[in-house]
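Novice: Below, each chain spelled out in residue letters.
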Amino acid sequence: MDNFERGYVRLLKPIITINTLILGMVSTPLLAQQSTLNMTEGVTGISNTVYNLHMTILYICIAIAVIVFGIMFWSLYQHRKSKGAVAAKFHESTTVEIIWTAIPIVILIGMAIPSTQALILMEDTTEADITIQITGSQWKWHYRYFDHDLEFYSRLTTSQAEINNEIEKQQHYLKEVDNPLVLPINKKVRFLITADDVIHSWWVPAFAVKKDANPGFINEAWTKIDTPGTYRGQCAELCGKDHGFMPIVVTALEPEAFDNWLAQAQVTAKQQLQAEQQSLTQTMDMPTMMSLGEEVYNRACLACHQASGQGIPGAFPALKNSPVALGDVNKHINIVLHGVSGTAMASFAKQLSKKELAAVITFERNAWGNNTGDIVQPSQIDAALTSINQ
Amino acid sequence: MSEIQLKDNADKTILDAPAITTHIDHHSAPHGYKRWLFSTNHKDIGTLYLWFSLTMFFIGGAMAMIIRAELFQPGLQLIEPNFFNQMTTSHGLIMVFGAVMPAFVGLANWMLPLMIGAPDMALPRMNNWSFWILPFAFSLLLLSLFTEGGGPNFGWTFYPPLSTQYSPDSTAMFVFSIHLMGISSIMGAINVIVTIFNMRAPGMTLMKMPMFVWTWLITAFLLIAVMPVLAGAVTMILTDKYFGTSFFDAAGGGDPVLFQHVFWFFGHPEVYIMILPSFGIISAIIPTFARKQLFGYHSMVYATASIAILSFTVWAHHMFTVGLPLAAELFFMYCTMLISVPTGVKIFNWIATLWRGSITFEVPMLFSLAFIVLFTIGGFSGLMLAITPADFQYHDTYFVVAHFHYVLVTGAVFSIMAAAYYWLPKWTGYMFNEKLGKWHFWCSLISVNLLFFPMHFLGLAGMPRRIPDYALQFADINKIVSIGGFLFGLSQLIFVAVVVMAVRGGKKAPAKPWEGAEGLEWTVPSPAPYHTFDTPPEVK
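Each protein sequence line maps, in turn, to chains A and B. Numbers in this note's numbering are just positions in the first sequence, counted from 1, shifted up by 21. Numbers in this note's numbering are just positions in the second sequence, counted from 1, shifted up by 62.
Same shape as in the complex, but just chain A (with noise of 0.2 Å):
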């Protein structure tokens, strides 16, 4: 590169990170994904029609701007009294009236059909070759492979030392998840979209796809993804105190890859259950459970009755020196299985393991001074269910 290039491509650097800015012009989908300025343009035909119909109509609305705008500073700089201008009289005249009416419409009508056409195309969840319920709850997500027997909770998995600046933040910062849901590519996925507590929406960017999870209703969405990669977004309804820590994250693989994944996930989950299933032949001891309940409650329950097991007064209740967590043994695992109806309490029955729940229960009983010397056995939990059920 000569030296006169150099200088030319100096002088332009500027004015293309200007326009980069001003506009979110980049247009190469790796930068666009990335973009901290404009929506992206995804990985989905949907996605890519969204993002033109965004930029068109960006860009008319600049344009009516620059001309409404320059109409008017043109007026004000030339029409000051300073330089002596002396004001008209006209008031009044009915054809710019209905020049002026007439003129957005036609804009409007040229808007109005290839939204139209978009939104006819962004309904038509028909003809779909897999098909994904989402469940939001406070606050995670649980998804689940119709025709497939799998599903898993999905949750965040940044730490709270992050969270509270103790350490540094890592790349995917509150975007990032234990289990993410994982979908195959150039296939189309159906979304059939709810929740268990509160209004929840799930929200991919990079597929276009927003859509709201309503308790006792079921919303339907979907999407067909042209590349592999990860993708991030996060609930975007306002879902209660943890709203802002309910990622979303969606691995698209090739359909074979997806196929092994599919596979292998399949015979990880069977031997969960079977793991599960033995562990109810099992005597546990204090220390052990008492690691495990720790362990479980940090991730399950300590968002609402925190850490010290105080909870927020008029919002949770406290664990610590409650009736509940003193009191009868079976109360207080009907409760943590079965949720409390009509408040925040969930039901933690699917949500947790047999072992998992009778060491968290052991946790709440024997933490914070509570001392109890209960241990609850996974037996315990099962035989809780299985009168439930009977």
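Any given hint might turn out to be false.
Unchecked claim - Here are the simulated DSSO-like cross-link-like pairs (lysine-lysine), alpha carbons at most 27 Å apart as the crow flies:
| # | chain 1 | residue 1 | chain 2 | residue 2 |
| --- | --- | --- | --- | --- |
| 1 | B | 500 | B | 570 |
| 2 | B | 500 | A | 104 |
| 3 | B | 569 | A | 102 |
If you're looking for bench data, these hints aren't it; they were derived computationally from the structure. In this text, all values refer to a predicted model and were calculated from it rather than measured experimentally.
Add chain B to chain A, keeping to what the hints say.
Specialist: Okay, now just chain B, sitting in the frame of chain A:
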């Protein structure tokens, strides 16, 4: 003295008597707290409303400062997520119901009788009551923040089940305070309508009324139409939470989405309640400082009415992601796009008013010009949000936050500032400090754009609203936004200084301090006497 007697007296006075009352013996302002507590005088009540609004603006603003401080950098530094949610909720409620709406009612109280040549509002005692409800309503709301479990934390839109099964114990206080605010607004609206229909000076036909009177008349009808709907919504929340009903609980046969329909049937007209009086203010100020009559008065009136009517047919554009049928999504998209037509007409008319005027740039004019540009930017983002497929990406992100702050802060609040500067000489009898006013304007203009413009980028890049902590990619812009926020907050202290100084003294203001001003309010001396237009003026 009863109202009937007052009317009799007015009838007996000679028709061509000067409009200005000089005898102030037993009609003068009472002294002490009784003047304010028992006041039935439209000017005093207007003053009360305006001071109340300013106080709430600072309380709500302080909450915004807390929010911006927490969002200054990623991670949790200052406050807990639950308290963060209480701040966003209270900030919204206080700014909407405590700052913007009472400011408009205050302006209506002060200016409507002066503009239509009436001696007072038609229902002065109700006027007193509709103001004095407000301090109780907001005390209740603010006190709920100090109860166990904290105040409302479910967003100012209070969607169930978050606001019912999952809400704090103080929710009943929230519901009751909303009821009180609603009662106050409805009474204020009734008063405005009755005053405008019955107390206009002879010769002032409807189509001769100043635009501010017109826009307030239409606003008052909107208020009466939708505040009861809000009352219904909060009542159902109350019974769902405390009395075992299931309006919004699917487990009992209800539907949480029903709430959103009811809420936004109130909520969307509410948006226009907060902007139509602004249109009236701008339509008064632009002609004054362009020294040229408002262009297209008739079309302005029709455009305002069209906006009001259309405002009842667009509510579900707040709910595009809730799972509406395709036909509903299309209907609400088209109607929402259509609303930009009459709004555009208003903007074009203002620019046509400026065109070939003789323009000067006093502080009220500066705020009005900024209003036109920045409100229009809010209009553009509103149009973008109307496009349903794109809205799926924008919905519940900072793009929406940017949008409604452009229309509410640089729209409604800027127009209120413009109005305050415009009529301050009439209220206080003194010219305000022009230089300080300009400082206030320029500081506000720069900081408000630093505050809200980058929010568009945050939203487009994928940052949801109402989160206390965010991914690292949003860190830089949030920092800029927070700095803008702090500067905007500080700039408003200049406004307080200007107002306090103008109340205390300064250069005496003439009856008509602005060369190009038109209207009856400029025919009475500055400050406006305690009683004006005891004898109605004649309007030609």
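Novice: Take the C-alpha atoms of residue 500 of chain B and residue 570 of chain B, compute the straight-line distance between them, and say whether it is at most 27 Å.
Specialist: holds (19 Å)
Novice: Going straight from one Cα to the other, do residue 569 of chain B and residue 102 of chain A come out at no more than 27 Å?
Specialist: Distance ~24 Å between residue 569 of chain B and residue 102 of chain A Cα, so the pair holds.
Novice: Hint check: residue 500 of chain B vs residue 104 of chain A, CA-CA at most 27 Å. Holds or violated?
Specialist: At roughly 21 Å apart (the allowed maximum being 27 Å), residue 104 of chain A and residue 500 of chain B satisfy the hint.
Violated hints are absent here; each numbered hint is respected by the structure.
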